[in-house]
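J.: Kindly produce the complete structure, drawing on both the sequences and the hints.
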Amino acid sequence: MTLTTPIGRSAASASARQPVLEIRNLSVDYGYDDRAVHALSDVSLTLHAGEVLGLAGESGCGKSTLAYAATRLLPPPGVITGGEVLFTSSRDGHGGDLLTMSDAELRAQRWRDTAIVFQGSMNSLNPVYKIGKQLMDGITAHSPRGFREQARLRALELLEMVGIPNDRLGSYPHQLSGGMRQRVMVAMALALEPEVVIMDEPTTALDVVMQRQILEQIMRLKNELGFSVIFITHDVSLLLELADRIAIMYAGKIVEDAGADEVYRMPRHPYTAGLLHSFPPLHGPRRELGGIPGSPPDLMKLPSGCNFHPRCPHTLEACSVLEPKLGPTEGAEPTRSVACLLHDPAVNPGPVPVELGVRPPSKETA
Amino acid sequence: MSLVHNRKVLAGMILLGFFVVIAIIGPWIAPYDPSMVGPDSLQAPSPAHWVGTTNTGQDILSQLIVGTRGVMVVGLIAGILATTISVIVGVTSGFLGGLGDEVLSLLTNVFLVVPALPLLIIIVGVMPSAGGLTIAVVIALTGWAWGARVLRAQTLSLRKRDFVEAARANGEPMWRIIFFEIMPNLTAIIASGFIGTVVFAILSEVTLAFIGVTSISTWNWGTMLFWAQSSQSLVQGAWWWFVPAGLCIAAVGTSLTLINFGIDEFVNPRLRNTAANAGLLRRKKIRARIGFTPVYRGFTSTRKGEDA
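As they're listed, the protein sequences go chains F and E. Per my numbering, the very first residue in the first sequence carries number 1; after that it's consecutive. Per my numbering, the very first residue in the second sequence carries number 367; after that it's consecutive.
Please keep in mind that the hints were generated in silico from the structure rather than gathered at the bench. Among the clues, some could well be false.
Unchecked claim - 25 Å max Cα-Cα, derived DMTMM-like pairs, lysine to aspartate or glutamate: (1) K222(F) to E262(F); (2) K650(E) to D103(F); (3) K650(E) to D42(F); (4) K526(E) to E547(E); (5) K650(E) to D34(F).
These numbers come from a predicted model, not from an experiment.
T.: So this is what it looks like as structure tokens:
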């Protein structure tokens with residue numbers, strides 16, 4: 001789906017560049033022995049205060065794994081095999097490395113600092129409790145004793161925030177529609193005013209109208225309450241409208257990390273370019289649709305060198321030998337990085353292919 | 367497949383296997399005839415009588431060994447019978463719903479509230495010559511209701527799941543839905559129900575023999591306890607008379623419980639991988655838990671890129 005107007009993109013995103021969640025060299029395995037699948041290798045990503053960071057990529061590229069590993073929610077047989085995940089509050093500076101926290105610290109940190117809205121999370125509501133009770137439970141658990149009445153008021157306020165009438169507080173989950181339940185889950189995630197909200201395809205189970213309403217609401221709330229969002233989806237066009245910055249993942253690695261507009265208008269990685277050519281643009285000039293030939297690699301048998309080189313239209317000889325690292329683009333643009341040997345002057349001294357290179361943006365869109 | 371990777375299960379299986387072997391070969395390896403009255407009365411354990419003798423000079427070790435068969439046979443037969451009844455009644459009532467469910471649930475509830483042991487005593491009392499098989503049947507008849515109750519509840523939940531709806535939409539016949547879609551999901555409950563019933567059956571049989579309701583001339587651990595009690599072995603300080611039989615009962619119960627621990631990990635494919643790697647996880651000190659992903663930094667296996 002594509003939103004017809006960019007909704008609630010915060011103008012302040014560029015000025016406030018304070019990191020709240022820094023993922024450094026995170027590696028994740030599925031399995032415990034030598035046959036383990038390396039689902040993530042050396043992923044680094046920074047989420048700044050008030051920013052909407054989109055994570056995009058094909059199925060199985062590690063988007064959800066990244067989000068769940070960063071919050072230590074990955075179920076067995078997932079194991080984090082290295083890295084750091086630093087949370088730093090932009091309000092009072094508390095925080096620490098999530099990977100070294102004890103269970104008690106993690107539990108206290110969850111929901112208060114980082115909240116999650118799951119894929120199909122409308123099924124995360126317990127069917128035997130009224131939604132009001134479920135909202136208040138979380139608030140009271142993280143608040144001092146004798147907070148009951150304030151919790152009720154807060155729950156009412158939250159429902160109002162996500163556009164559900166007050167009298168629904170006494171409803172059971174089955175009495176609400178899918179969209180309303182999803183809104184309740186959004187409200188619940190925001191109940192403790194977390195600084196980071198991770199949304200894992202929060203609207204995939206809903207129709208496009210509902211999707212749009214909920215996303216607009218989330219973006220409005222984000223501007224009002226000032227939290228940061230990691231938004232996971234395979235819907236790149238949705239991200240282009242929604243996100244301030246987009247990280248493109250491929251085979252357990254981030255291949256490109258740049259502002260949403262930059263990604264859309266001037267992709268620097270051949271995979272990003274391929275993704276963008278896989279769906280029709282709603283604005284701007286028509287362009288030829290093409291897919292990406294081949295299919296995502298088997299994580300058990302990754303190709304040598306660059307993971308993308310067997311499918312890449314711009315392969316160099318070095319691509320099958322050298323592994324690209326996330327680094328500056330040709331021309332060293334300050335706000336973006338790419339993992340492609342085409343942008344490495346040591347490997348590719350010549351100019352970058354024109355569709356991946358630095359071009360005057362005026363040529364691109366009218 | 368990986369059941370034996372679990373140390374608890376392995377210990378339980380070895381222990382149970384030991385008793386099963388004794389039950390099979392017991393009469394041939396017993397050093398004495400368990401009923402033979404000998405000259406050495408009420409002797410403490412000695413090289414001639416490893417666990418001592420009774421007040422009539424019978425060899426207690428022989429009684430233990432010969433008595434194992436009675437206990438194991440009754441336990442297993444009662445367990446199999448009770449589990450079969452509970453699966454049939456429980457799954458049918460859960461799957462059918464409506465009047466059939468009402469009738470079967472009523473039946474289950476009646477058997478649930480019937481106090482098992484007094485009923486057993488009455489039934490066995492009117493059949494004084496009842497053999498092991500009869501006792502097993504009676505125990506099964508009084509012991510199936512709990513399992514049926516649990517299975518009905520789980521079946522009720524399973525039959526509303528999407529995969530069952532999908533099977534119905536694909537035109538699968540009812541028997542196939544029950545046996546191939548629902549039953550495999552019940553394996554863990556059926557298996558642990560079976561083990562629970564076996565323990566219940568063994569305890570019931572031993573209890574019946576101990577209070578002297580069943581025939582006191584066929585040997586099992588309960589009969590031994592009956593004679594020990596009626597000869598006031600405790601007062602006489604003859605601990606070797608009742609302690610070994612009690613320990614054997616406890617050991618069989620323990621072995622079945624240990625096996626029960628591993629059944630869920632074995633039957634549930636989601637838990638199987640973690641269970642199969644239990645040794646590895648222990649060695650690497652990784653605690654695989656839901657909600658708190660372990661962090662392990664000691665992998666030495668080369669990653670792609672490091673070996674390039």
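J.: Below or equal to 25 Å on CA atoms is what counts here, so check K650(E) against D103(F).
T.: Given pair K650(E), D103(F) holds - Cα atoms ~19 Å apart, limit 25 Å.
J.: Is the straight-line distance between the alpha-carbon of K650(E) and that of D42(F) 25 Å or less?
T.: Answer holds: K650(E) to D42(F) is near 22 Å, not above 25 Å.
J.: Holds or violated: are the alpha carbons of K650(E) and D34(F) at most 25 Å from each other?
T.: 13 Å, holds
J.: Take a quick look at whether K526(E) and E547(E) sit within 25 Å of each other, Cα to Cα.
T.: Given pair K526(E), E547(E) holds - Cα atoms ~12 Å apart, limit 25 Å.
J.: Holds or violated: K222(F) and E262(F), Cα atoms, limit 25 Å.
T.: 22 Å, holds
Violated hints for the displayed structure: none, as all numbered hints are satisfied.
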